[in-house]
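Since chain Z is already given, all that's left is putting chain R on it; use the hints.
Taken in sequence, the protein lines are chains Z and R. Heads up: the first sequence at position 14 corresponds to 14 in my numbering, and the numbers run straight through without jumps. Each position in the second sequence, counted from 1, maps to that position plus 119 in my numbering.
Since the hints were derived computationally from the structure, they do not count as laboratory data. C-beta atoms are modelled at their ideal positions from N, C-alpha and C, and glycine is treated no differently. Careful, some of the hints might be misleading.
[What the hints assert, rightly or not] To spell it out: a stretch of chain Z is covered by chain R in this simulated footprint if at least three of its residues, at any positions, have a beta carbon under 8 Å from a beta carbon of chain R; those stretches are:
1) 14-27
2) 52-64
[Said to hold, decoys possible] Far from chain R by the CB rule (all over 10 Å, computed), these chain Z residues:
3) ARG37
4) GLN48
5) GLU74
6) GLY76
7) VAL78
8) ALA80
9) THR86
10) ILE103
11) HIS119
[To be verified] On the chain Z side, residues computed to face chain R include the following (Cβ under 10 Å):
12) PRO5
13) VAL10
14) ARG11
15) LEU30
16) ASP32
17) ILE36
18) VAL38
19) GLU39
20) PRO85
21) CYS115
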Amino acid sequence: MSADPYNSEVRALFAAPVHAGVVADGKAVLVDDQGIRVELAARPENGQLSIMRFRAWGCPHLVAAAEWVCCHYEGGPVSALENFPTARIMEDLAVPTEKTGRILVLEDAIQSLGCSLSH
Amino acid sequence: MADTQIYLDYAASTPVDARVLDRMREVAEVAYANPSSTHAAGRLTHEIIGRAAAQLGGLLNVDPATLVWTSGATESDNLAIAGGARYRAHRGKHIVTMKTEHKAVTDVFETLAKEGFEVTWVDPDTNGLLSPEAFTAALRDDTQFASIMFVNNETGVVQDIEALGTICRERSILFHVDAAQAVGKVPIDLGALPVDLLSLTAHKFYGPKGIGALYIADRADCHVEPILFGGGQQRRIRPGTLPTDLVAGLGMAAVVADGGIEDDLKHLRQLRGILWDGIRGIDGVTLNGDPDGFPGILNVSVEDIEGESLLLALEPICVATGSACNSRSQEPSYVLRALGCSDMRAQSAIRFSIGRPSTREEVEFAVRRYRDSVAHLRELAPEAAA
Chain Z
1 MSADPYNSEV RALFAAPVHA GVVADGKAVL VDDQGIRVEL AARPENGQLS IMRFRAWGCP
61 HLVAAAEWVC CHYEGGPVSA LENFPTARIM EDLAVPTEKT GRILVLEDAI QSLGCSLSH
Chain R
120 MADTQIYLDY AASTPVDARV LDRMREVAEV AYANPSSTHA AGRLTHEIIG RAAAQLGGLL
180 NVDPATLVWT SGATESDNLA IAGGARYRAH RGKHIVTMKT EHKAVTDVFE TLAKEGFEVT
240 WVDPDTNGLL SPEAFTAALR DDTQFASIMF VNNETGVVQD IEALGTICRE RSILFHVDAA
300 QAVGKVPIDL GALPVDLLSL TAHKFYGPKG IGALYIADRA DCHVEPILFG GGQQRRIRPG
360 TLPTDLVAGL GMAAVVADGG IEDDLKHLRQ LRGILWDGIR GIDGVTLNGD PDGFPGILNV
420 SVEDIEGESL LLALEPICVA TGSACNSRSQ EPSYVLRALG CSDMRAQSAI RFSIGRPSTR
480 EEVEFAVRRY RDSVAHLREL APEAAA
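Okay, chain R solo, but in the shape it has when bound:
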């Protein structure tokens, strides 16, 4: 196993499930027409897209008509936040999010700040959680929009979306949830959750890259302004010809996930337990985030170890030091710093993320490799100057 690549970076992306791939191939061969065309071939494509919407709607317990296809979570986040805040600008200029959100969220908030919106960046507690009290304290009379992620991509921290959403409903605040790490992995019932906008992407739950969706609740004053222009597709919210095979793939990924989430979670809990039990005894190791977070992610730091060297020493294990989108940055993770981690602790952080195909043997190998790598790098290091 030593020379074989061991993939433990499922929070960055997942392999396409074989059933999803079969469906995409099948659709790509027959449904090449433009779904906006009214001829028979176009109607076939339109029907396939409708079926995928029903499949995704089934996973989330929503009306398929509330789903807008996008190119992925980044676009969904951009559309929800920029489109939602601008649409509701008449209600106020104050918008709220957390410091630990993904760049696809924080960068949009920064853009809106340049447009004149006032942003409040809420700090999490040291476990990464946002309490309803801390969230409430950040709200003002003119707060019109808030965005909180479901499962954190770096730490696996799961926010209490129901409680936070309820607070927003009570104040008529449009509530967006970045659920890129949650959809298909944890149960989500949008029929019950007080969520107005929810972003997702297929490639985080064994679907293809390049396709995602934004859920827009069918409620009064819940709407987004478009951020792309060029056609009337998708109720003028998101124009562009849809990639039918990718949409069908997302639909099939939703079918595969639906009904299998509990089994997946059980599998992830078991493997995460083996991983954490195997490395928690190493001197100086600490867990970053909430111990009761999403079991597919384990973020750990270790004292006196340089993170980049640890990452290379861990090969052939594929893990991440920060979020994959930003992993070439030399900067310590801003998410971990928001949790109060020192730069030293943040720079040694490794994110293990386990997936459906992960095995006990892979995780046990990762434990051995981590222990050996830490021991080797400590042996290599001189004492710090007095």
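Chain Z with its partners taken away, still in its complex shape:
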């Protein structure tokens, strides 16, 4: 009756969010919407995201997704922030459909960070 609401990836990312924190001398954006908060921060070096961090207030799926995106984008080009892999996150983290809005808030944060870094 009560299947585990979290898959192993969510559990692992939530238990050890190695990208949690802030970035000194970087740029940060905060999105506060739908009862959750996500802050993403990054430092660009030569067009690359040399370091990326997050802070989040929300459910385990949101925390895990924030850690997931930091792992995904860190070390890659700033231009990659233009594309957000919503479907892959939903699938990899087995995010319940009723929580889709929370992943879209994370997408807003990524897009906002991309805009911030490109100006």
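Only chain R this time, still in chain Z's reference frame:
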């Protein structure tokens, strides 16, 4: 201890006591006949069920003949409320309960409302208590039925059943008590308490799941209409072949509880004290409910923490965010909201429930884990937007 499951969810369910399990195994091996059969094997089963009724009757101080076996508290509540209100419909259509009752009660009231009954939902005070004055104010001349729970499953708040029952007696109102969290855990003397109907279930006090009972006082005009049909068992109130081993298990759970309640309460008070003293100093922590409630339950909220993440961070501690029956719901607890808690406070609520097997080491571990988890999640959270 860090990797070992620590069970602090005894309000959701309890493990079966070893003596109960022994009794059930013993009965299952020999008493397989239908208790309605008149042959020797059937008579043996019938006798075992009678013995269990005497054991439960002993715990509650009632005549065993006033007990009706059911599948658990949900069925007992349904039978008492739907059966009781319908039986007394000729007296009026007004029925009363509280907003903080279990779903097994509130859903039946909502069903009765669709049948034409008028329901008054009484608010508790901010501690979860219902004063006799507030209860009296909700009653009308045509009120014929009221249902108030003994111990709240989420907060541990204990209502003054004697005072509320007395008010009902004075007005000839049929009074039902959902005592799922109380039987076997707090002293209940139905020989003295003015209660007409009382629901209970075995698995909340170290008995098996799937068996409960409804007490129906032997008083004039105190009766319920059946909600199940299909046989004449149990005075046509609740048909169906009884699960003899489960019934025997409930009887043995009553025996184990009887005489041990004070020791259990002392143990629970001690552990609850350690738990509350350990976490009350955390910035933003508040207790939900009555500080003097049932000591087996401690419901706490903490500011600026998301409840679902806190629940996962607390693992391997097994606790609840709301009542277990509804814990997959994303909605903040309706019980806590009825106490005036904000959605934010209600969604961070954790219910710790301690039991007979709980140890000081487990509770001390829970304190450390709670403190660490709150600190970790606060560190993880960004400031709110200005």
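Structure-based check of each hint:
no. : hint   : verdict
1   : 14-27  : holds (count 3)
2   : 52-64  : holds (count 7)
3   : ARG37  : violated, 5 Å
4   : GLN48  : holds, 24 Å
5   : GLU74  : holds, 18 Å
6   : GLY76  : holds, 23 Å
7   : VAL78  : holds, 22 Å
8   : ALA80  : holds, 23 Å
9   : THR86  : holds, 20 Å
10  : ILE103 : holds, 15 Å
11  : HIS119 : holds, 20 Å
12  : PRO5   : holds, 7 Å
13  : VAL10  : holds, 9 Å
14  : ARG11  : holds, 8 Å
15  : LEU30  : holds, 6 Å
16  : ASP32  : holds, 4 Å
17  : ILE36  : holds, 8 Å
18  : VAL38  : holds, 7 Å
19  : GLU39  : holds, 4 Å
20  : PRO85  : violated, 23 Å
21  : CYS115 : violated, 17 Å
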